[in-house]
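Visitor: Please model the complete structure; the sequences and the hints are all you need to start from.
Counted from 1, the sequence shown has number 146 at position 146 by the UniProt record's numbering; the numbering is strictly sequential.
For the record, the hints were derived by calculation from the structure and aren't laboratory data.
Just so we're clear, the structure is a prediction, and the values are computed from it rather than from any experiment.
Be careful, since some hints might not be right.
Claimed, not checked - Computed cross-link-like contacts, DMTMM-like style, restricted to lysine to aspartate or glutamate with a CA-CA straight-line distance of at most 25 Å:
no. : residue 1 : residue 2
1   : 2         : 143
2   : 11        : 188
3   : 87        : 144
4   : 11        : 127
5   : 11        : 131
6   : 2         : 144
7   : 2         : 160
8   : 206       : 188
9   : 23        : 144
10  : 2         : 131
11  : 87        : 71
12  : 23        : 127
13  : 11        : 62
14  : 206       : 217
15  : 23        : 160
16  : 206       : 251
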Amino acid sequence: MKTLNIIGAGKVGKVLAKNFQRKQQFAIQHVLNRTPASASNAVAWVGAGQAVNGISQLQPADVTMLSVSDDQIASICQQLADAGLLKVGSVIFHCSGAKASTELRAARLAGAVVASVHPVRSFANVDLLAEQFAGTICSVEGDEAALTLLVPALQAIGAETVIINADNKLLYHAGSVFASNYLVTLMEVALRTYQAAGIPAEIAQKMAAPLARQTLENVFNLGTQAALTGPIARGDMQTVALQQTRLNDWDQQAGDLYQAFTQPTIDLAARHHSEK
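Guide: Okay, here's the thing in structure tokens:
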């Protein structure tokens, strides 16, 4: 079994490591985090590996996973290369959604093969996701030799893999931001708007929850065009204009967001009507 070093065992790193360990895809060797306590906690949570305090304590591994912040990927890769931990035959991959495997240039220069692996899931609840990882789509790109090793390992832990072009990583990741991060921001604005209208916070939650859940169900069951309802779908642009004015008076950021969504929603409604 090939050995695996993990640098940055946060939410993503821990979930992948635990599943790799559970399905015996890699023998987890060393775990390096920002603090010794964090590394020790990660080892305990994963149930395998040895916590180390710095790159100088790492022993070479067959595979290295960098699940660190995007701005650290290139520099840590360079440090690993400088320490002689990457060589011909080594595999190193990072877990960034936005950065491509080209961030690992120092590893390539050292003779290693590189890749990026990005699980398309929310990692808010790592305990739950670790148990329910099967079915997760992981986008992958990089050197063929690295993917030849990583894709079967990911599939063994239940992931569905899709190979993407490194040049499209930023665009791909923006899709995930719209589908997850900005959705949270949008719901925050919706809840604040309810509360500004005099609805208590707990009632606002109860009002928004079925709307949001059913709308998402409709999107994925019926498609975006059929799922669209509301004033724009009905052609009630007078209501849209009145709401725009009221939102601008209350909170300009909310008004700007409402306005930003208006034209794309008009376009979506128009496509729906033209295809009936």
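Visitor: The structure should be examined with respect to each hint, and the outcome stated for every one.
Guide: Here is how each hint holds up against the structure:
1. A distance of roughly 18 Å separates the Cα atoms of residue 2 and residue 143; the hinted pair therefore holds under the 25 Å criterion.
2. At roughly 24 Å between alpha-carbon atoms, residue 11 and residue 188 fall within 25 Å of each other, so this suggested pair holds.
3. For a cut-off of 25 Å, the pair hint linking residue 87 to residue 144 stands: about 17 Å separates their Cα positions.
4. Restraint check: the Cα-Cα separation between residue 11 and residue 127 comes to about 9 Å, which is no more than 25 Å; the hinted pair holds.
5. Our distance criterion of 25 Å between C-alpha atoms is met by residue 11 and residue 131, whose separation comes to about 13 Å.
6. At roughly 18 Å between alpha-carbon atoms, residue 2 and residue 144 fall within 25 Å of each other, so this suggested pair holds.
7. The hinted pair formed by residue 2 and residue 160 meets the criterion: a straight-line CA distance of about 22 Å does not exceed 25 Å.
8. A hinted pair counts as satisfied when its Cα atoms are at most 25 Å apart, and residue 206 with residue 188 qualifies at roughly 14 Å.
9. Note on residue 23 and residue 144: the hinted pairing holds, with a Cα-Cα distance of about 23 Å set against a maximum of 25 Å.
10. Taken as a hint, the residue 2 and residue 131 pair is honoured in the structure, with Cα atoms around 23 Å apart against an allowance of 25 Å.
11. The suggested pairing of residue 87 with residue 71 holds, with an alpha-carbon distance near 23 Å, which does not exceed 25 Å.
12. Using a Cα cut-off of 25 Å, the hinted pair residue 23 and residue 127 holds, with the two alpha carbons roughly 17 Å apart.
13. The suggested pairing of residue 11 with residue 62 holds, with an alpha-carbon distance near 22 Å, which does not exceed 25 Å.
14. In summary, the hint linking residue 206 to residue 217 is supported, as the alpha carbons are separated by about 17 Å, within the 25 Å threshold.
15. The suggested pairing of residue 23 with residue 160 holds, with an alpha-carbon distance near 15 Å, which does not exceed 25 Å.
16. As the CA atoms of residue 206 and residue 251 are separated by approximately 23 Å, the hinted pair is consistent with the 25 Å bound.
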